[in-house]
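Engineer: Sequence:
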Amino acid sequence: MTNPSESYRYTPQLANEIEKTWQAYWNEHGTFHAPNPVGDLATDSPLPKDKLFVQDMFPYPSGVGLHVGHPLGYIATDVFARFNRMLGKNVLHTLGYDAFGLPAEQYAIQTGTHPRTTTMANIENMRRQIGALGLGHDMRRSVATTDEDFYTWTQWIFLQIYNSWFDEEQQKARPIAELIDELSSGQRTAKDGRTYADLSPAEQRAAVDELRLVYLSNSTVNWCPGLGTVLANEEVTADGKSERGNFPVFRKNLKQWMMRITAYSDRLLEDLEDLDWPEKVKSMQRNWIGRSRGAEVDFACEGHDITVFTTRPDTLFGATYMVLAPEHELVDAIVSPVPYDADVDERWTYGHDDPKEAVEAYRAAIAAKSDLERQENKDKTGVFLGVYATNPVNGAQVPVFIADYVLTGYGTGAIMAVPAHDARDYEFATEFGLPIQEVVSGGNIAEAAFTEDGTLVNSANDSGLDLNGKNKAEANAEAIDWLSQQNLGQEKVQYKLRDWLFARQRYWGEPFPIVYDAEGVPHALPEDMLPVQLPEVQDYKPVSFDPEDSDTEPQPPLAKANEWVEVELDLGDGPQTYYRDTNVMPQWAGSSFYQLRYIDPTNSEKVVDIENERYWTGPRSDNDPGGVDLYVGGVEHAVLHLLYARFWHKVLFDLGHVTSREPYRRLYNQGYIQAYAYTDARGVYVPAEEVEEKDGTFFYQGEEVNQEYGKMGKSLKNSVSPDDMCRDYGADTLRVYEMAMGPLDTSRPWATKDVVGAQRFLQRLWRLIVNEDTGALATSDAALTDEDTKALHRTIAGVRDDYEHLRVNTVVAKLIEYVNYLTKTYSNQAVPADAVTPLVIMVAPVAPHIAEELWRRLGHDDTVTYEAFPTFDEKWLTDDEVELPVQINGKVKARIMVPADAAKDTIAELAKADARVQELTQGKTIVKEVVVPGRMVNLVVK
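Read in the UniProt record's numbering, the sequence shown has 612 at position 612, and its numbers run on one by one without any break.
These aren't lab readings, by the way, just hints derived from the structure by calculation.
Computed from a predicted structure; not experimentally measured.
Take every hint as true, because none was put in to throw you off.
Label-pair ranges, simulated between beta-carbon atoms: (1) Glu329 / Glu431: 25 to 33 Å; (2) Lys255 / Ile610: 33 to 41 Å; (3) Gly702 / Leu877: 51 to 59 Å.
Each residue gets a CB set at the ideal place from its N, CA and C atoms; glycine is no exception.
Throw the hints in and build the complete structure from the sequences for me.
Structural biologist: Shown next, in the form of structure tokens:
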């Protein structure tokens, strides 16, 4: 039987009942629905003057569900959104699901269930878990990338980019039709300088395709036979294995769809300055784009020009050999067809007599190395091609090698090696016995490469180039001028950024809106044929191969769907047989524009109505790039998702589909919740919740275990489910605890035993307003004292500022302090209603369920969600009097109250007049008075 005295206590059971009640109320009343200016989500009522668009980074709906670390950012954005609603703003906040991609496909394969089935089940489970936390989402706006009416627009945007080109003069994307018009009229020539009208139809198509923002390219890709798919760089570990499955990954040339993100390099760099983003993320993007100024220089070799890009053309006289990436297109064209000369150093031949055989063997040996492993490898290896190139500044014949430390994805895929002044070149030259020629004075090249700036030496020729005695800047400029005059090179701006590999050999992804004719020529589908639906297939597993067999090639799962692949269409020339593209888009596609569908999720005519986009994300001033007002997520997405999304958005801006130049105006990187994990003597993880601590030592089932600290997760057996926390403590307690753990942008350790502190705070709050014996209202109509008013207004001022700046941990601290003040002050009498009414409003963003319940019990009929946030009066924020310690000979002996604005003389007199001070100084002489206003008084006596 329930004890009557406990019936009205704020227990986990009561918290659960309250939370379910108010979650149902919010759903029934559409409490968090945010109206649009136009369209299905518009209302007849005028929109609030101010708006706020808050967005969380797209979550992937995992099959294992959430642990308590996942909702940290979601709770924080919910708190911020709720606070801003109380400021009178129209707040758009929702959450969708990034549900395509390899993880879902692999999980489905493991469980033998179709990816759609498992994905939808995962989404429903995640919605349930998130719903239990009381997040104020407008669920009308929730989307999943796997929804047909979502990926219709993913395909539509692909077509917009495919049917566009980048006008270098205007520095913007333009429709491909305008390019064709300019080519046809003679206003513009083809990229190679030929007149468009003189070209055959096939050549005209090629001339146009060469400039599209989406193009087919024979690209070096990460091929994983064990998974049967090509992987993005970010899906490959540093040791050349697949992140999922740990299979070997090989470098292979394949025809793939590419997106010309490099055309936007300058704009992506320059517009960073207008974004309210963490400087760390901006720096990461700058480094990833990697703009550098230098020169392209041609080295003649076997009837070809090997073009290199260098930021140090001033060091050309020190180039003593050349290195090409093993995959460079010129390798097979220039490699010597005859055996090595007898006097060639054995270190150069890779154990072969024939250069072609050496190249083939070397390529096979390095095929499984990742780019990162190749760059960081200290053991330099390579193969001499049996040929020499001509150094353009001095005519020297320099040997040409291939080596894995040079990559096709950087610069031109070839380097002039200056070992005296480049650390990696120095290591290679030392390993292979190559000349090391000093051209910059200041170091000791007998011991190491000298990479600092210095004065040029040994750098002059008979053709008018003399760099000796010049500094780096002067020498670079002069070298570039000379190269240009001699037609041996030209000034060039180069970027590290590579075009975006935009195809995956998977089943679970967005199909391409592309078909191929009988000659293999690609054709974009018209928009009225969208969406290209992902077909239902019996076997959605990719064709996997022997993980060690690098000679295999991808066979996408969709290639098995013969009835889907072969299709008869009329694309303007009558019905013909076409063949669909059997690759799918990468998982990054859907997350590159999803904020636009949050704005207009039911719009079947446009990706977003521009009036709705202008209202929610349009620029506020000439210098404002526009975008989502607050975007919260992990820093791990700094240079992939965020660059891709910026690129897509800029194309849509150029084409007039949006008014904002950037997708995300403000970015905030939240920290992570980590947890202690424990391993036994075998190094095997044991369940963290079953570990006991005794005097600083940890035990599992009586045996001592080792404690470590790291990421919360299933593999470490240290996950804590939010379901369990909500059941055992209540969602509001979980919310308060997570927000109170520390600053939002730092990581912090989880400790279940500390959750009770948040629970006790809410219980004290409850007791201030509800009589635990009767359930009756426990407040009074008494007026506030000056001390009450001072405590209240200081709390309001501090909490408002902290909410506004996402300092939710200090919000909680200030609310606890105020609740403790009221609890202590009114321990034997009812607390004034005027003291707790604003308190409930202040609590509502962080603990909304208990706030709604207390608000109702205080006699209000409406939800607390839209109550105006309390304001404060400045006069209550300063003290009329302050307490100062009084020291006698440096030791505190008394405390006095003095006017806050008292002068030093007045403070000294008040200190000497204090009874305790007089007692201690009686019969003694005060020889010195030290007064620090607002801090202390020190009397030196003898």
